[in-house]
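Chain by chain, the residues:
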Amino acid sequence: MAARLMRAARPARTTWFAVTVQADPSELSGPSRPDALARLAERHEVRVIRAPGGRGSEIAVRAADGRTREEVRALKQLLETGEVLVVEGQPEGRRTALGGVARPMFRQLTRRGPR
Amino acid sequence: MRALCWTGVNEVSVEDVPEPRLLNRQDALVEVTASSVCGSDLHLLDGYVPAMLAGDVLGHEFVGEVVEVGPDVRERRVGERVTVCSIIGCGRCHYCRQGLWSLCDNTNPNPGFQEKLNGHASAGIFGYSHAMGGFAGSHAEYIRIPYADFNAFPVPENVPDAGAVFASDAVPTGWIGADLGQVGPGDVVAVWGCGGVGQMAALASLRMGAPAR
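Residue numbers (my numbering), protein chains in the order written: chain A, 1 to 115; chain B, 1 to 213.
Just chain B, same shape as in the assembly (with noise of 0.2 Å):
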C-alpha cells in the first residue's frame, strides 16, 4: 500500500509499504478514507519531536472503515466507519478510567524515554515517533488500531467523512482548551491562533456558552 514516510528532517515521500495485520487479538484494521494534517505534524516534519526515524508513517487524525477486527474486539464490527482516537488508550487502567486517556500507562512500549525526560511517559500515539510507542500513522491506505473496543468510535451516516476527522484529535485539542479556560455563559472568549484546533476551540466555548456575536 502507498503511505506517507518521514524520510528526514522536513522531507517526506510516498512510499510502498507492507499492509498492516493484526498484531493483537484486541487490534482492527481500518481503511483510511479521510487522514488530516495536524500542525503537530509539523512539529514531527520539522524534527523537533525526537526519536523519528527514516521510514516511519506519519498521521494521527483519521476516519476510514473497519475491514477486519481480532477475535477478543467485541464492539467493534467489519463495515462500520469510525473515527479514530490519535492517542492510544487501553481503557482500563487508573488513568483510562478517570478520563485521562493520554496518561494512559498501557499503549507506550517505549515508556523509559519519556520518563527519563519528564518523569512519566504519555500514552502512544499514532505516527508519532518511536517515543510515543512507535505506531504507525494513518497518511496511508490502511492503519491498525490497538484496542480497537477503545479507540475507535462509530461515526453516525449524516456526519460526512471531512466532519467525522476532526473528532480524531482537533475537537477534544480545543475542548480541553475551552475546558481549562473555565469558559461558561456569557464569556467573551479570545482564541489566538485560528488554525483547526483554534477554531474548535471557539466552536467548544459556543458549547459552553459563550454568546456568539
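Next comes chain A alone, as it looks inside the complex (with noise of 0.2 Å):
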C-alpha cells in the first residue's frame, strides 16, 4: 500500500486533480481571488468552472504533486469552513518506536495521497 501511494503520489503532467468548492467561480477569479489559489497559479496550470448542478467551482490543477495536492484539498477547506483542521498537538498515549515513526509517514502519505 506504502509503495503504491508513493508511486501514485508523483505527478503526471497530464493528469488533474480537481475538487468542487461551495464558492461562485466570480470569487476565484480575478484580482480578488484567494492567496492561495493565486500561489498554486504560480506554479502550476490552474483551471477554476462552474460546477454542475448548482455546486459552486471546480478548482482544477495540472500535474499537482502531493505538496500541491495537500494545499488544494486545505484551500477548499478554508473557502468553505474558514479553516483547516488541525490534528497535531492532541491528547495521546505513549507511542511506540514504531508508532512514532509510522504516524508521520501515514500522514505524509495520506494527506498527498491520490484522489
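Everything labelled a hint here was simulated from the structure, so no lab data went into it.
On a predicted model such as this, the values are computed, not experimentally measured, just so you know.
Hints may contain errors.
[Stated by the list, open to error] Subject to a maximum C-alpha distance of 20 Å in a straight line, what follows is the list of computed EDC-like cross-link-like pairs (lysine to aspartate or glutamate):
1. Lys116/B <-> Asp65/A
2. Lys116/B <-> Glu71/A
3. Lys116/B <-> Asp35/A
[Said to hold, decoys possible] On the chain B side, residues computed to face chain A include the following (Cβ under 10 Å):
4. Asn24
5. Thr33
6. Pro146
Note that the Cβ used here is the ideal one computed from N, Cα and C, for glycine as well.
If you follow the hints, you should be able to join the two separate chains into one complex; please do so.
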C-alpha cells in the first residue's frame, strides 16, 4: 500500500487534480481571488469552472504533486469552513518506537495521496 | 488526564495523557460525563480497522459539558451540556448540506488512504484510527470538538446523560437502518442483533409506525 501510494504520489503532467468547492467562480478569479489560489497558479496550470448542479466551482490543478494536492484540499477547506483542521497536538498515550515513525509517515502519505 | 488508549490488538490501558487544547478557532473543549462502548470499538480493539497506532485514545459516543470555546464558536456556550456526533462534519461542504454528514469533504485530514481503498474518503470520526483522521476519542476526561457549532448539540435538562449518550451514534445508526428499510405504518419489523444499535432500530421502527406488540 505504501509503495503504491508513493508511486501514485508522483505527478503526471497530463492528469488533473480537481476539487469541488462551495464558492461562485467569480470569487475564484480576478484580482480578488484567494492568495492561496494565486500562489498555486504561479506554479501550476489552474482551471476554475462552474460546477454542475449548483455545486459551486471546480478547481482543477494540472500535474499536482503531493504538496500541491495538500494545498488544494486546504484551500477548499478554508473557502468552505474558514479554517484548516489541525490534528497535531491532541492527547495521545505512549507511542511505540514504530508508531513514532509510522504516524508522520502515514500522515505524509495519506494527506498527499491521490484522489 | 486519564484516557483509555489502544496499545495493541486486544490490548488497552488507562494512561496519563496531556489534556486537549483548542487547536482551531471553531473548536470547543468538552468535559466528558458519559462515554459508552460502541460495538465498533470492538473492531478497533481487535485490529480489524486499519491504521490504529499504539497510544490512540478510543471512544466516539459521549456526552459532556462545554468547558472552553474557540473565538469563532457562535452557538455553543461554556457550561452547556452537549451530546456530540461520532462523525465529524464541517456543516458547509456539499455533502454536509445534503445531510450526508459521514461523507464530509473537510474533516478527514488523512483522506488518501480511504480514497485509494474505497474511491472516496469518509468524514473524520472521534477515536477511530488515523484512516478516519486520527482524532483523539472520548474515553477520556476531556475531548476537543472540531467545528463545535455543527457537531455539539445541547441536551435538554430532563434528559439524563445515560439517555442522551446514544444520540451520539446508536440512535442515528439504528434510525438509518429503519429508514433504509422504508419502515412504515403497520409494518412488522424483525431486527437481527439486539445490542445498542439494534434496540435503537426497533425504537426507530416504532416511531415510523410499526405497531408495538
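Comparing the hints with the structure gives:
1. Lys116/B <-> Asp65/A: Judged against 20 Å, a Cα distance of about 16 Å means the pair holds.
2. Lys116/B <-> Glu71/A: 19 Å, holds
3. Lys116/B <-> Asp35/A: 30 Å, violated
4. Asn24: 5 Å, holds
5. Thr33: 17 Å, violated
6. Pro146: 6 Å, holds
Of the hints listed earlier, those the structure fails to meet are numbers 3 and 5, in rising order.
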